[in-house]
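Residues per chain are reported as follows:
2 protein chains.
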Amino acid sequence: MKPGIPQGTRDFSPEVVRKRQYIFNTLRTIFELYGFQPLETPAMENLTTLTGKYGEEGDRLIFKVLNNGLHETTGDKRAKLEEEWAKVLSKAYSSPVVTERALRYDLTIPFARYVVMNHNDLALPFRRYQMQPVWRADRPQRGRYREFWQCDADVVGSKSLINEAELLGIYTTAFAQLGIPVAVKVNSRKLLQGLSELAGHPDKMMDITIALDKLDKIGWDGVVSELETKGVDAESAAKIQPVLHITGTNTERLDALAALFAGSESGLAGIAEIRETLHYYQLLHTDQQANGSEIVVDVSLARGLNYYTGVIVEVVCTHPNVAMGSIGGGGRYDDLTGLFGLKGLSGVGVSFGIDRIYDVIEQLNGFPTQLTSGAQVLILNFGGDNEAYALAILKQLRADGIAAEVYPDAAKFDKQMKYANKRGVRYVLLPGDDERAAGAVSVKNFETGSQQLVPLGELKSVLG
Amino acid sequence: MKPGIPQGTRDFSPEVVRKRQYIFNTLRTIFELYGFQPLETPAMENLTTLTGKYGEEGDRLIFKVLNNGLHETTGDKRAKLEEEWAKVLSKAYSSPVVTERALRYDLTIPFARYVVMNHNDLALPFRRYQMQPVWRADRPQRGRYREFWQCDADVVGSKSLINEAELLGIYTTAFAQLGIPVAVKVNSRKLLQGLSELAGHPDKMMDITIALDKLDKIGWDGVVSELETKGVDAESAAKIQPVLHITGTNTERLDALAALFAGSESGLAGIAEIRETLHYYQLLHTDQQANGSEIVVDVSLARGLNYYTGVIVEVVCTHPNVAMGSIGGGGRYDDLTGLFGLKGLSGVGVSFGIDRIYDVIEQLNGFPTQLTSGAQVLILNFGGDNEAYALAILKQLRADGIAAEVYPDAAKFDKQMKYANKRGVRYVLLPGDDERAAGAVSVKNFETGSQQLVPLGELKSVLG
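Residue numbers (my numbering), protein chains in the order written: chain A, 312 to 775; chain B, 312 to 775.
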């Protein structure tokens, strides 16, 4: 039997784990600096917590866990079980008798569920971050996995736009630290509502939003065609177009929008909340933090999820060598916890697309080089007294905080050197008879190829 | 609908996540110092990878994931599906047509599977550590969860006892750093084999091992009764007893054992490998590293898993206030990857019981106090110009690397102070009119109750 792993899942080798940890640690440090708190929820949720939250497509793509002990079911329950099995085979997809647990599908619904279960004990507003895997039974393809990591930061229980500004700051600070130049696009659902009023179809906000979301892919003509199928004729659609062509600085854009939306209450409210968000952002951040990044007001930004109600954001990498879709996004939602019976809690959050961010940093050669191999020092093992000498050196190095390993067997020299090469260490130490007699060790630098005899007392400064 | 989470799973609140991270980070730092490399494997494995690896009990306790798209199955395949469903309801527990994936049950089998899939690219010996959740459909009870974390370190591809010594060192170093006094019990499967020879039943090693494993629980009389049911009479069993009563230093114990096992090849081999392991351990470690911990040769240590072949170890906390079973264990196995067709790779590994270690540190009050609340500084929000002033202070603190947050709304003073209390911050900053006029801010220390006016230029030294 040749072993494998399920389609759409991945083993992360040591080098990859280290690079991923570098991303997680960078984000964690920033979240903590901004006063956000870590939360972790179980991989399995009750299926009832998840179903109906992600649309019909989502219900189908949730990984369901088979109940255990089914073989012990007897009598009436057994008959019931057969009946319920039919539901799994129908459009119902599931039955609690067959499957009552499912794998986490995103981090937002478990967060809402957690807030509802714990709101009496939580200090509100609650600012939390969460970095965990999620699972979806999507068709795997390049860059899309069945197990992938989400990383979310949300504030729940406050309507202040300071929260939006802080989340924008988390984005610009994080991507600056990760060495990724980005544009953080900002829009408001209220402006999109204003657009539908401008088009004379205030009831078609979602249709217009969904069509606009495809602007990059299908062009303006495509958007017009799609809108016509939704009952928005070309003449009405044309009223939207000028708004999408606004250029200039953010202030210039907002001023131009204010003129175009003069008659739309929603539109003006959207402009006002973007202005206030940017104002708070500027009070909180220096230009250095946003080094290489920019915040851009973009009325064409739509974002598909229909629970957003206020400011929405999306991050794209602006480096000319990188062609990648969105690497982050989020926005304000007014009543997420209402799904679980707790009304009136407003929230706002952003998400980091860890897998894509990883790919972008890789393309930009942006991972710190010292991440790749872990311990940089291998001590060869020449057996007998030289082995004991090797272990004494190893003990000293570790006491000095230098990660190191010894080849555990007195194997042939060639075999040990082959290991050193494959392992990718930087220094190989050769503790032979002569070295031992001299209280020193030969140090071979694999990068330069040079070799020198180093007294033990100087090892730390040579290797550290 | 009142939301909940599946039985045996847990939400980890911010404080708990931080404490867990402290354990993981402590272990990670030591693993890296010892030259071990991180590995992560998918939560879902092919069910065929897992079945048959954990005994019949294990097969039943594996969480299986229902295949997706079952509702789309038609025609002949539909009939087949019904047939296969019967297998799920039988002692077969599963069928690939209904469930072909399952949740990780431990970290050892996925590690073996990874080594077999990648052995051409791996530098052998491969030293890896892995810290990930596993899932078992066990009956939940106090301290036993359906989702829990394992943390393993293994070396595969080397028979050298230096590896055993390094793993012992990882144990003593880790528990010393975590502030847990422990006894690391050491034995060898070869000594257990010797015991069965001593009893005159060389073929009953596993029966004797399993009975001895219960010595703490059922006492010597219980062991004798159990052995009688396995065909080892009381007279034979009595030959083992003196071995279990050996005391003294490790050297004294080993000398006494050498005399008792004079006629047993296995027994002498076991004594020799323990001696060599302890010798290597002493070459590699100072007494300070094992501060509060001790390594104890213990012939009654059995460990249930039947894949161990050489040295076996187990860790128990020796603090008088802590009553807890094993918090770690491991040993050498000679052919783990043989399960997946790769013969002849010897391995040795140890495991840390993260959940129990967490409980022990909690009982000993051993978590660093600064872990509990994250950001220690809350800036109150008095609105208008004072809000802008609050944000300017926040910007300065973060630039100085001090984690801080502002209350995002200009809410009533009482409400903001109530938040500060519930949130558990250490300092509250009050930027009002007077403070702003003075270029300073009032700092209230929640621990001491004292309040002082601090010029902005001195904030860092007061809060840092």
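Keep in mind that the hints were calculated from the coordinates and are not lab data.
Please note that a few of the clues may not be correct.
[Claimed, not checked] A short, non-exhaustive set of chain A residues, derived as facing chain B with CB atoms under 8 Å:
1) Pro314
2) Thr320
3) Phe459
4) Ala567
5) Ala570
[Said to hold, decoys possible] Below, a sample of chain B positions facing chain A; criterion: calculated Cβ distance under 10 Å:
6) Tyr345
7) Gln452
8) Arg453
9) Gly480
10) Gly636
11) Ser637
Just so you know, even glycine gets a beta-carbon here, dropped at the ideal spot from N, CA and C.
Per-residue hint verdict: Pro314(A), partner chain B, C-beta under 8 Å: 5 Å, holds
Agreement of hint Thr320(A) with chain B interface, Cβ distance less than 8 Å: The hint holds - Thr320(A) has a Cβ within 8 Å of chain B, the shortest such distance being about 4 Å.
Evaluation of the interface hint that places Phe459(A) against chain B, nearest CB under 8 Å: Result: violated, 11 Å to nearest chain B Cβ.
Interface hint outcome for Gln452(B) [beta carbon to chain A under 10 Å]: Hint on Gln452(B): violated, closest Cβ of chain A at ~16 Å, above 10 Å.
Restraint check, 10 Å cut-off on beta carbons, for Tyr345(B) near chain A: Where the cut-off is 10 Å and the nearest Cβ of chain A is about 7 Å from Tyr345(B), the hint holds.
Agreement of hint Gly480(B) with chain A interface, Cβ distance less than 10 Å: Hint on Gly480(B): holds, closest Cβ of chain A at ~9 Å, below 10 Å.
Closest C-beta approach of Ala567(A) to chain B relative to 8 Å, hint status: This interface hint is violated because 27 Å lies over the 8 Å limit.
Hint check, Gly636(B) versus chain A [nearest Cβ-Cβ separation less than 10 Å]: This interface hint is violated because 24 Å lies over the 10 Å limit.
Cut-off 10 Å, beta-carbon criterion: hint that Arg453(B) touches chain A: At about 18 Å, which exceeds the 10 Å cut-off, the nearest Cβ of chain A leaves the hint on Arg453(B) violated.
Chain B contact restraint on Ala570(A) - CB to CB distance below 8 Å: 28 Å, violated
Interface hint outcome for Ser637(B) [beta carbon to chain A under 10 Å]: Violated: closest Cβ of chain A sits about 25 Å from Ser637(B), beyond 10 Å.
Going through the hint list in order, the structure does not satisfy hints 3, 4, 5, 7, 8, 10 and 11.
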